[in-house]
Structure formats: C-alpha cells, structure tokens
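Which chain is which? The protein sequence lines are A and B, in order. Numbering of the first sequence is given in my numbering, commencing with residue 84 and proceeding in unit increments. Numbering of the second sequence is given in my numbering, commencing with residue 425 and proceeding in unit increments.
It is worth saying that the hints were derived from the structure and are not from the lab. The beta-carbon is built from N, C-alpha and C at its ideal position, and this holds for glycine as well. Incorrect hints may have been included.
Only some residues are given here: those of chain B computed to face chain A with a beta carbon under 8 angstroms [said to hold, decoys possible]: (1) GLY599; (2) LEU617; (3) ALA629; (4) ALA633; (5) GLY637; (6) ASN651.
So the derived list for chain A, only partly shown, Cβ under 8 angstroms to chain B, looks like this [to be verified]: (7) LEU208; (8) LEU215; (9) ARG228; (10) ALA235; (11) VAL243.
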Amino acid sequence: MIDSGPLLLIVGPLVGAVVVALVGALGRRFPHVGHVRRWMPVAATIAALALWLLLLLAAQDEWAVYGRSLLLNDIGRALFQGLLLLLAVTFGLTAVWPEESAFVPFSLAAISPLAAMVMIRPYALGALFLALAVVVLAMAMQADRRADTGAAWRYLVMVVLALPFFLLAGWLADTPAAFPWGAARVLAVAAILVLGGFPFVMWVRPAARQVSVLLRPFLFGGAQLAVMAFLFSWLLAIPGWQADPGFQNWLRWSGLLTVLLGGLLAAAARELPDVLPSLLLLDLGMGLLTLLLPGMAGWETAVSVLTARSISLLLMGLGWLLLGGRGEGAAQRPWAAALWLYGCLSLLGLPLTPGFAGRWLLLSALPGLSADTGGVVLTGLLLAGLAGGLWGLGRFVLRLREPFDRHEDVAAPGAD
Amino acid sequence: MTIFDWLDRLAFLRGETAAWLVVLTAVFIVVVPDLRLKLLALAGQYFAAALLFVDVLDPRLAIVKLLVGWFVCLILYMTGRQVNWDRAPEDVTAEEASRWRAPKQVALGRYRLPVWSVRAVLAGLTLLLVWWLSRQPSVYLPLAAEDVAYMNLAVYGLLAFGLLQMALATRPLAGGMGIFMFLTGFALFYSNLDQSLVGLALLAAINLAMALGVSYLAQSRRVLIANSQ
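Isolated chain B (complex conformation):
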C-alpha cells in the first residue's frame, strides 16, 4: 500500500476536519495536567498536522514531517519515563514531595482558583480568539489559497496554543510541548512560502534538537531538585 492509497483512505479526515483535530488536541494539551495524556495528544496532533501538510507539500515530505514529529514524541516519552513524569520519588518525605508537585491553585487577588479552571478559561478564550481570527479575511495568511482557508484555523490555533502552553507551563517537559506546537504551526505556514529541501531539513533538525534540549532541561531539573534535598 502506498502513501497515496493511505491518503485516499484517510480522505474523510483531511481538510477542515484535520484543522479542527489539530486545534482540539492543542486545547487538550493545554488543559489536561497529565503529561502522558498530553504526549498522546501531541502524537495525535502531529498526525493531523501531517494531513494538513499534504495540502501544501509533496506527500512524501509530509510523511517525513510526521516521522520527525513522532520521533520528537518518542524522545519526550523516554525522558518522561526517566524523570518519572515529573512525579516525586517514592522515598521522600511529604515536605520534600511538595517541591516536586506543581501548584494546584492560583491566587487571583484574595481568591484561590484551581489551576485547571484557570487553564480551561484561558484555553476557551484563546479558542474563541483563534476561531474569530481564522474567519477574518483581512488576516488570512499570505499565499494561502482560497480552497485551503481552514489552514488559517490550524496555523493560528497552533501558534496561539503553543504560546499559551509555553507561558503556563512551569516545567520543561510540559512547556516543551508548547514549543513543538508553535514550531508545527509555523512550519505549516512557512511550508506555503518556502518548499526548499534545505529549509525543510533544517526545520526538522530544529525540532529534534529542541526535543534534546527540552529533555536535557527536564533531566537537569530532576537532578537539581534531588540534590537540593
């Protein structure tokens, strides 16, 4: 079975459906606290994004993008296992464990709100903004053809939720997923402008290098906290 046969089979997922899949996985990554579920969503997002890349790139190059994305997920998965998904080791006291735990509440003036609710509200607002922006012809992406207008939704969604995740995350692994969403969003946009092999190869190299950087920082953080006990 060739790539083109697969694409025919997946025709029902392509176009606007893929764009919404990308955005919904981005919302999921921002809102859900569990790193393993986030990573699963990121892998799914790379799949949906690859279906969008097919609309602007040669399908064989789009597959390379998908493979690079999944390789990034693999690196993050291995790092996640090595740092025990940012959970505290079992042999620490309650006080020491508090250093590993992400804050569960956010102080807003005299109110204390659960972190997940703040994230959900921010994600909802961002989703509304992205949806509104993607329907404004005045801010359509340059060189995007009329028949791929849904690309605006995917690109704006990935960039906005990537930034949101980078801003909200307190740990390298979770924040790194923001970086990868942002990079995928930009790559979707930039593939429209420049389809040179060198540019594509370098963007892939950056994704892999960033995965290594994020993993290194996640490991460092664990060692730092462990040493401080």
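Bound-form chain A, shown alone:
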C-alpha cells in the first residue's frame, strides 16, 4: 500500500498542502521571526520534491477503491513527475519572492484531483475530479486577493458547463444510438469548454492578466497538460473518435478561431498588458489543435506544446519579477527584460526557443490531416495568427527600447 503510485498521488499532495498551509499559518502567527515569510515556500518546495522522489520509487500502478480502479500508466507517471518538478521550481521561486506565495498550498492540493482525473476508470468519472480540481485552482487564483473574482468565477462556470458533456460522452460511448450526436462530438464540446477554446475564452485573458505570475505556468501549462492527458487517455482508448468528422471540424474551427482571435487582439493591443494574454490565447488555440492529431503523435505534440508553455510562462514570470514588477526596470536590467522577452518569443513558438519544437510538430502535421488543400489553408491561417502576435509584441518591444520619459503611457510588461 505504501509504495502505491495512485495512493501517493491522491493522498500525498493533500497532506502536503495541509502541512504547508499550517507552516504558513505559523509564519503569520510569529511575524517577528527572521525569514518567516519564506517558511511556507520552502516547506512546499520540499513537499513537492519529496512527492516527486516517492513517485519515482513507487512500484504499484493500480489501486482499487469501491470497485473502481485508479491506474497509473506510463503517461500518468511521467506527467505527474513533470508537474511536481514544475511546482517545486515555482515554489522555489516563491521563496525568493514570498509576496507571490499565497497560491502555494492550493496548487499543491490541486495535484490530487488532477491525478485522480487522469487515473480513474471509467474515463467519464474523471470529469468529476476535474471539477474538484478547478474549484481548488479557482481558490489558487484568488489566494492573494489581488485578482478580480470574475476570471476564477468564469473558469468555474466553464467547467460546470463541461461536466455534463463529459459524462454524456462516457454514457454515449456505451450507447451510441441514443442520441443523434456522436459521443466524439460531445467530447469535443467538453474539451473546448475546459481548454478555453473559442467561443469560451472569456476567462483566459482576465486570468492571464491578473493572477500571480508564478501561478500562470501551472494554471495554463501544468493543469492544462493534465486535462490533455485525461482527454488523450480517452481518445487513445477509443481511436475512432478522433476520426469523427464532427470532432475534427469543431476542434479545428475552435482552435483556428482562438489562434486568430489571439493574433488579432495582440496586433490591435494598445497596452502591453493586453499583448501577453493575447499571446497566451494564441497558444491555447494551438494546444486545442493537438487533439486533432491521431494517437501517440498527438499526445507527444500536446506534451511538447504545453511543456513549452509552462517554460515560457515561467521565464516570463521570472523576468518580470527580476524587473521588480514594473516596466521601468527594463532600462536598468536589460538581462531581465531579455529573459521576459525570450519567454514571450517562446510562447509564440519562434525558432531557437523552447516553444519551437511543439509549434513545428503541430504545424508540420496539420497539412497531412486532410487530402485536399484544407490542411494547408489551416496552417497558413495559423501562421497569420502567429504573425499578428509577433507584430503586437514587436511594436511594444521597440517602444520599450526608447528612453522611458518618452513613453510614459506604455504599461509595464506583464503588469496586472
């Protein structure tokens, strides 16, 4: 029992989160003790690393609970090792910037329902754990009491709306003749809702503007990758779903429109804080399109795109914090500004950045999906969206080079 991977992933993060929250409470109780604000981030880093190590050593892959099995396959094991490492790095950074650490216990606790979502069989039940995870993530978004509640509220609503679609998809998989719609199409709607695809993008931009810069890599990268793992586990188990024309069309249109909207909003942005959420929106659209790629190739592309997103957001967050949380620091700390800019370029997927591999895999695979010119047109439109993002970013970067007394109206990079 003690070396069970599923048990560890369900119970471990919850226990860790409680301990970390208690350490945080202790720190607040004794504010005069030296370095007290760093206790919680340090405890969280240790907890994340300990869980990572224990998961590495865990031998058992299956845990049966009340007749349902939780199965930790290779995909799940690699995924959660990666997520725990991401959290360890993020928590380590919050030890340097303790004012950004309020989300720490919540993000650690979110690992537990996310893991249950990926591991539980039958797959439809995973949606219920996804809803639990999003409740915890909504709390993480609001933990520092800085962001407006609107973004977290909308995220919560989107997942509540997606829940019936997931459960129906599971039911339709067993009784395909009951509804005129196919199960694959119902799953496509659910995927668009939870992954922030068009037209359900309303929570993405406010969240990307307002939540802590160190939460963004997990919220938009790690947690989304877990959702992708959940979706791909389902799609790999029932390969026919990806071939459904409705599934393909709906995801293709939603992904394309999300990318174009992101590119357009980035190009039309009047302030730098509007550019960053637009770039993220663009990348979310790309992530959605990975669901079109068949089998393991699709999953590997999704891993590549979403891992790069986490890294990009981490670099951007780090650069932004090194700038002192304000754009005026760009002139004094050009290396920090360069780090932030490199993160932005990586989010766009330009060559020589971590984001390029995933972008290349996706854009080179899409034309082969359809026999006619549709795939080529799709790729062309996606490139147009990327060009819009690059244009929007480029405009502000050129303005940042100017002395600050000449562009006081320019808002700070990554500013909330």
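We have chain A already, so just place chain B on it with the hints.
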C-alpha cells in the same frame, strides 16, 4: 416514522406538482433580488427535487441528495452572513457604498430599464421556452419513462434557469445558485442513466466542493472591495 411513511404523506406533492415547484422556485431565484429569499427558495427547490429523485432513485439515496443540497444551502447561508449578504459595511461613505451595490438599471440603447423588469421578462421567456420544450416528444430525455414525462419539465427548467442565473448574476453568491440549479437539473437527468454509487457520491462531492468554491470567491470579493477603499 420511516422514509417511506414520509413519502406516503407527501404523495400529494410528488410527480408533476414537484416538477412545477422546482420550476417556480427557479423563477423565484432568478427574479427576486434578495439573497436571503433566494437561498430560502433554493432550499425549497432541493426539497422538491428530492421528491423527483425518488422517482428515479432508491428513496434512501434521494434523501442523501436532499441532505447534500441543504448542506450546500447551509454553507451559502454562513457565507452570506459573513459577507453581510453582499451589502455595504455601515462605516463607508456614499461613494464607497456604490461599489458594493448591484446596478439597479440596465441600459438598452437610449432606454434605461429597471434590472428586475429585465430579469422578469427573461425569466418569463425562459419559462415559456421550457414549458414548450417539455411538451415536445421529439426532445424528450432519453430513457425517461412515459409515466415520468414531467421530469422533462423539471430538468429543462433547472438547466435553463441555472444558465440564466449564471449569466445574469454579477456576484459569486447569487451566481452560485445558478450553478447549483444547473447541477441539480443535470443530476436529475443523469440519475436516469447511471445509478452507480460512485457516480452519485462524486456528484454530491462536486456540489459541496462548488459550495466551498463559491463561498471562497464571495469572501474574496468582499476583501478585494474592502481593500480597494
């Protein structure tokens, strides 16, 4: 007295009456602005919905659904008291108080209409749509037996009014009631399809988790506004 005795006593409320009770409480929640009255209506709605659950589930499980629903109401009640039902604190100026107040008018072009009237019109239209849908055999819910056709009315009503409340509400507590109506509507429908204990337990867990999430957001909102003064 057992659950079954209670159900015998409440026989006059079961079936179509319970379905209409569910829909009317949903209309009430959408139209009435006072959070305390909304919450009372939500508690009543859970009771009426439990009478409907009895038609598709084992009565002992239906009682669990009712208890979970009332527990959700309890969480919302405690949060409502903690955030003073979204009213402004007493020691704020008139200008600061305006940040706490929900808008009383809606601008439609050059016209300004009272919020309650817009809500009432939308609720009326939704009610008509739900009533019409529930009478169309072509959109009857799958696997719903002919003798529980009133279930269509309750399910469509809860889903539609839940969505409407989520769309119209500007604050987490009021919007949360939309979430719970939507979840109850879906649970009524889904109980017909899947009656496994794990599924039921997880749906109950989601209701409770959502109540915590909504409460957390309501508290956050209050702190945010207070800090911005």
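These are the hints, each one checked on the structure:
1. GLY599: 7 angstroms, holds
2. LEU617: 5 angstroms, holds
3. ALA629: 7 angstroms, holds
4. ALA633: This hint holds: B:ALA633 lies near chain A, its Cβ roughly 5 angstroms from the closest one there, short of 8 angstroms.
5. GLY637: Holds - the Cβ of B:GLY637 comes within 8 angstroms of chain A, reaching about 4 angstroms at its closest.
6. ASN651: This hint holds: B:ASN651 lies near chain A, its Cβ roughly 7 angstroms from the closest one there, short of 8 angstroms.
7. LEU208: 6 angstroms, holds
8. LEU215: Holds: closest Cβ of chain B sits about 5 angstroms from A:LEU215, inside 8 angstroms.
9. ARG228: With a minimum Cβ separation of about 5 angstroms from chain B (threshold 8 angstroms), the hint on A:ARG228 holds.
10. ALA235: Since the shortest Cβ distance to chain B is 6 angstroms, the answer is holds.
11. VAL243: Given a least distance of 5 angstroms, the restraint on A:VAL243 holds.
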